[in-house]
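Colleague: If you want the building blocks of each chain, they are given just below.
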Amino acid sequence: MIWIETIIQGILLGGLYALFASGLSLVFGIMRLVNLAHGDLIVMAAYLILVLVTLLGLSPFIAVLVAMPVMFVIGWALQKFLLNRTLGDDILSPLLVTFGLSIALQNALLEGFSADSQRLPTNSLTTASVGIGPLSLGIMPLLTFVSAVLVIVGLNQLFYRTELGRAFRATSDDATTASLMGIKPANIFATATGIALVIVTIAALYLGLRSNFDPNIGPARLIYAFEAVIIGGLGSLWGTLIGGIIIGVAQTLGAAINPEWQILSGHVAFLIVLLVRPRGLFPRVND
Amino acid sequence: MALLQTHSLVAHYGDFQALFGVDIELAEAETIAIIGANGAGKTTLMRSIAGVLRNEAAAVSYENKPIGSLSADQIMSQGIAMVPEGRKLFPSLSVEENLLIGAYGRKISGHWSLATVYDLFPILGERRHNPGTALSGGQQQMVAIGRALMSNPRILLCDEISLGLAPIVIKDIYKAITQIKAAGASMIVVEQDISQAMAVAERVYCLMEGRVTLSGTPDTLSRDDIHNAYFGAGY
Amino acid sequence: MTYSVTTQTPTSRIASTLCLISIAVLILLPFFAGRGTIQDMFFILTMLVLAQFWNLLAGYSGLVSIGQQAFVGIGAYALFGVVILSGLDPVPAILIAGVGALIIAVPTAFFAFRLNGAYFAIGTWVIAEVVRLLLAQWKTLGGGTGTSLPRDVTRDMWFVQSIQDLLGVRSAAARDILAYWLALILALATIGGIYWLLRTRRGLALAAVRDNTEAAKSVGVDAGRMKWIVFLTSAFGTGLAGGLIYMQKARISPDAAFSVTDWTAYVIFIVVIGGIGTIEGPILGVLVFFTLQSLLADFGSWYLMTLGVLAIVIMLVAPRGLWGLLSERTGLHIFPIRRRLRGGNLT
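Heads up: the sequence lines are chains L, Y and D, in that order. For the first sequence, the residue numbers in this note's numbering are 1 to 287. For the second sequence, the residue numbers in this note's numbering are 1001 to 1235. For the third sequence, the residue numbers in this note's numbering are 2001 to 2347.
Errors might be hidden in some of the hints.
Computed list of lysine-lysine pairs in DSS-like fashion (alpha-carbon distance at most 30 Å, straight line) [claimed, not checked]:
1. Y:Lys1088 with D:Lys2217
2. L:Lys80 with L:Lys184
3. Y:Lys1171 with Y:Lys1181
4. L:Lys184 with Y:Lys1088
5. Y:Lys1181 with Y:Lys1088
6. Y:Lys1065 with Y:Lys1181
7. Y:Lys1088 with Y:Lys1107
8. Y:Lys1088 with L:Lys80
9. Y:Lys1107 with Y:Lys1065
10. Y:Lys1065 with Y:Lys1088
11. D:Lys2249 with D:Lys2139
12. Y:Lys1175 with Y:Lys1088
13. Y:Lys1175 with Y:Lys1107
14. Y:Lys1065 with L:Lys184
15. L:Lys80 with Y:Lys1107
16. Y:Lys1088 with Y:Lys1171
17. D:Lys2227 with D:Lys2217
18. L:Lys184 with Y:Lys1107
Covered stretches of chain L (in silico footprint by chain D; criterion: 3 or more residues with CB under 8 Å from a CB of chain D, positions within the stretch not fixed) [as the list claims (entries may be wrong)]:
19. 2 to 11
20. 38 to 49
21. 266 to 277
To be clear, the hints were calculated from the coordinates, so they are not data collected in a lab. Quick caveat, the model's predicted, so the values are computed rather than measured. Heads up, the beta-carbon is just placed ideally off N, CA and C, and yes, glycines get one too.
Same shape as in the complex, but just chain L:
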C-alpha cells in the first residue's frame, strides 16, 4: 500500500514538473530556443508573488492572478528586445546570452532578497488532505496536478483551435513564409515567451506553497523541466506531462528507498530513457 501511495505522490509531483516544463516546451516548439534562465524565471515569479502577498496582504491565489499579466509583459519584452536578437544560425548566442541572464538574475535576486529561504504563506486549506478510497492525498499536490492538466489542455486548445495558435504553428514551420501571411515573427515569438512566463508563474505558485525557495534553486528547476521535455519528446505537450510524471515517480520511489537518492533517481530515469529512446517517448514527426 505504501508503494501505491508513493507512486501516486510521484504522479502528482509530476504535475509540478510538467508545469515547470510546459513553458520550456512551448518556446522550444515555436522558436527552437532553450532559455537557460527558465528555472531562475520561475524563482523570480515566486518572489514576485511573495512581494505581492507581503505588500498587499493578498492570498497567494489572488496574488498569482496579479502576477500573471506582469510576467506576461516581462516575458514579451524579454523576448522582443533581448532574446529575438539571439535567434539565427549561431547556436552559441542564445545559449550564452541566456546563461548570462541566468547568472545575472540569480544574483539580482540575491541582492534584492538575500539568500534566506522563503516560502509562500500556507493555511489550513493548503496543508489539508482528502481521502480518496484507502488513500490520503494532499490537496495542494492534487491541485497542482489538475492545474498542469488544465494548462496543457488550454495550450492545446490555443494551438489547434485559435488563429493565434495557427500563427504559432505556421511561424514554427517557416518564419519567412509566415511573414508573407502578414504574421510578424518577432511579435509571435514575444507572445510565446509571454505565455510561457504566465505558465511559469502558475508553477511558481505551487512551488512556493509546497516548499522553500531561495535565489539559487533555479538551475535545478531548469534541469527537471528539461528532463521532462526530453523524456516526453520535443514538441509534444502531453509528452511533457508524461515526462514530468516519470521524473516525479522516479524521485519519490528513490526517496522511499533512501532519502539521499531522491534527486539522483530522477536523473537516472532520465538517462535510461535517453539511452533507450533518444528522441523521447512521443517525438514530433517532422522535426
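With chain L fixed as given, assemble chains Y and D onto it according to the hints.
Modeller: The following block gives chains Y and D in isolation, referenced to the frame of chain L:
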C-alpha cells in the same frame, strides 16, 4: 497610373549582386509575365517586391507610395500577396488552416473566401482537413494559390507555379489563373515555361543575369527575340 | 610556379619572440615574486587551461557544454582517491586525474551526443550532477562534507624539498611554487597542443564540422569521430587541471569540486569576454576576468551580476569578444591559424 512600379531595383545576396537596376511596371487589372532562365533573378525580383528582401524605400512604389523598405508582413497587409516559389505550405497546418492563415494579416471582404476558393479548386474542399503537405504537387499548388487569394489582394505574385508539375496539371492550374484574372486581379506571373506565361499575360519582361533584356506584348515578340533575350545573343 | 600554404604573418613573428621572452619571465617568476603573486598566477594559469579546453569544445567544435565541472570534480576526486587510498604521491597523481576524467568522459559523451544544441548543453550538466551526487555518497572520501589531503603526504610531495632548498622558502610556499610551475607547464602544453592541432588537417576538419557538419561529411570528414576526439581531449585536459587545482587546495568537497559557478560560469565568461574561437581570446579573457575579480570580489553578487550582464552585452554587440574587436581593428594575430595561399600570380 501604374499600380506597381520598380525603379532601378538592385538586390544582393551578401557579396553577390542578383539584380542590376530592374524597371518593371504593372497596371490595374493587368497581368504581366517575367520570364528568364534559372538564376536570372526572377524570384529575387518577386521577393524584393513582396518585402522578403528589403530595399531602398523608393525602389518599389505601389499606388505611387514607396514600399521598398517595408517588411513582408506590412506589404502583405497593403494588398500584395505572393504564391511563393516551391509552394511553401505549412506542414503543421491542414489544407483549410493553410487557407485561413492566408488572411491573417489582411481581413478584407471581397470576392475570395473559403467558399469561393473551394469553388475554384473543388478537390481542396474534399481534402480540407488533410495536412497541407499530404497532397499531390498540383493540389499543393492550388492550396498555395488559394492561400494567397484569401487576403483578397490587389496584386497577386505567382512565382513559378508550374514548377515540377505534369503538363496536364499545369493546364488546370492556368485555367484557374484565367478565372482569377476574370475576377479582376492584377498579377505578376514568373515562369520558366514561356508558352503558358505568354498565353496569360498582356505584357512580358525577360530577365537575364539580373537585367531586363526584353519587354513587350506577346504578339510583337518573335521567337528569336525571346531566345536571344533569354539566353543571350551568341547562343 | 610553386604554391605554398602558410599561416605566418609578420606580426606573428614579432609576437613569437615576445612570447618566448614572456615564457622565460614566467619560468623565473618564483625567484623574484612574492607568494601572493605566485598564487594569483596559479589561479590565472589554471583558469586559462580550463578556458582553452572549453573553447576547444565550444568555439572550435560548436559543442557548448555546461558540464565541464564534472571533469574538474572527477579529476580532483581521482587525485584525492588515489593519494588517500593507495598512497601515491600527488604530483604523478595529476596524470591519474586526467585519466579519471577521460574514463568518465566516455559514458558522458555516449549519452550527451544523443542530444543537440541547447539540449546537449543541459545534458552535460545533468551528467555532471549525477556524478556529483554519486560521489557525495562515497563515505571514504568524505561524502557530502569532503575531505583533505593528509598532512604528511603534502609535506613530502615530489620536488617540494628541492624547491625549499633552491629558493630558501618554507614548505607551504614551496608547494605553491611547485603548483605554479606545474600549472605553467600545463598551460604551455595546452596552448601549444591546441595551436598545433588547429594547424594540422585535423584542425581544418574541426572547423569544417563546426561550420557545416553535412558539408564536412560530404568531403570525407568523420564528424562523429572528430566530436569524440575533441570531447575526450577536452575532458582529459580539464581533469588534469582539476587534479592540479585541488592538489594545491589540499581540501575537497563535492559542492566545491563540482561547482557550476567556479568551473563553468567563470570559464564561459572568460572565453566569451576574451573571444570565442581563438587561442588569444581566453588569454585576454582570463586577464580581464582576474582584474574584474580583484576589483569587485568584495561585492559578491554584484560582481556575478556584472559578469552576467557583460556576457550578454558582449555576445550581442561584439560576439567575437574583446580579442575579436582588437584583431579586427589591428589585424593582429599572435597564434595565426588562417591558411593563406602563397605563390601563383594572384598575390
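Colleague: Tell me if the straight-line CA distance from Lys80 (chain L) to Lys184 (chain L) falls inside 30 Å.
Modeller: holds, 11 Å
Colleague: Quick one, are Lys1088 (chain Y) and Lys1107 (chain Y) close enough, alpha carbons at most 30 Å?
Modeller: holds, 21 Å
Colleague: Between Lys184 (chain L) and Lys1107 (chain Y), does the CA-CA distance stay at or below 30 Å?
Modeller: holds, 15 Å
Colleague: Would the hint linking Lys1181 (chain Y) and Lys1088 (chain Y) be met if the CA-CA limit is 30 Å?
Modeller: Holds. Lys1181 (chain Y) to Lys1088 (chain Y) sits at ~23 Å (cutoff 30 Å).
Colleague: Is the straight-line distance between the alpha-carbon of Lys1171 (chain Y) and that of Lys1181 (chain Y) 30 Å or less?
Modeller: holds, 15 Å
Colleague: Given the hinted pair Lys184 (chain L) and Lys1088 (chain Y), is their Cα-Cα distance within 30 Å?
Modeller: Holds, at roughly 17 Å.
Colleague: Would the hint linking Lys1175 (chain Y) and Lys1088 (chain Y) be met if the CA-CA limit is 30 Å?
Modeller: holds, 22 Å
Colleague: Does the structure keep Lys2249 (chain D) and Lys2139 (chain D) at a Cα separation of 30 Å or less?
Modeller: holds, 20 Å
Colleague: Can you take a look at whether the segment 2 to 11 of chain L is actually covered by chain D? Rule is 3+ residues, C-beta closer than 8 Å.
Modeller: Coverage by chain D is violated for the segment 2 to 11 of chain L (0 residues, Cβ < 8 Å).
Colleague: Between Lys80 (chain L) and Lys1107 (chain Y), is the straight-line Cα distance small enough, at 30 Å or below?
Modeller: holds, 25 Å
Colleague: Do the alpha carbons of Lys1065 (chain Y) and Lys184 (chain L) lie within 30 Å of each other, as the hint requires?
Modeller: Given that 30 Å is the threshold and the Cα spacing comes to 22 Å, the pair holds.
Colleague: Within 30 Å, alpha carbon to alpha carbon, are Lys1175 (chain Y) and Lys1107 (chain Y)?
Modeller: holds, 26 Å
Checked against the numbered hints given earlier, this structure breaks hints 19 and 20; the rest are met.
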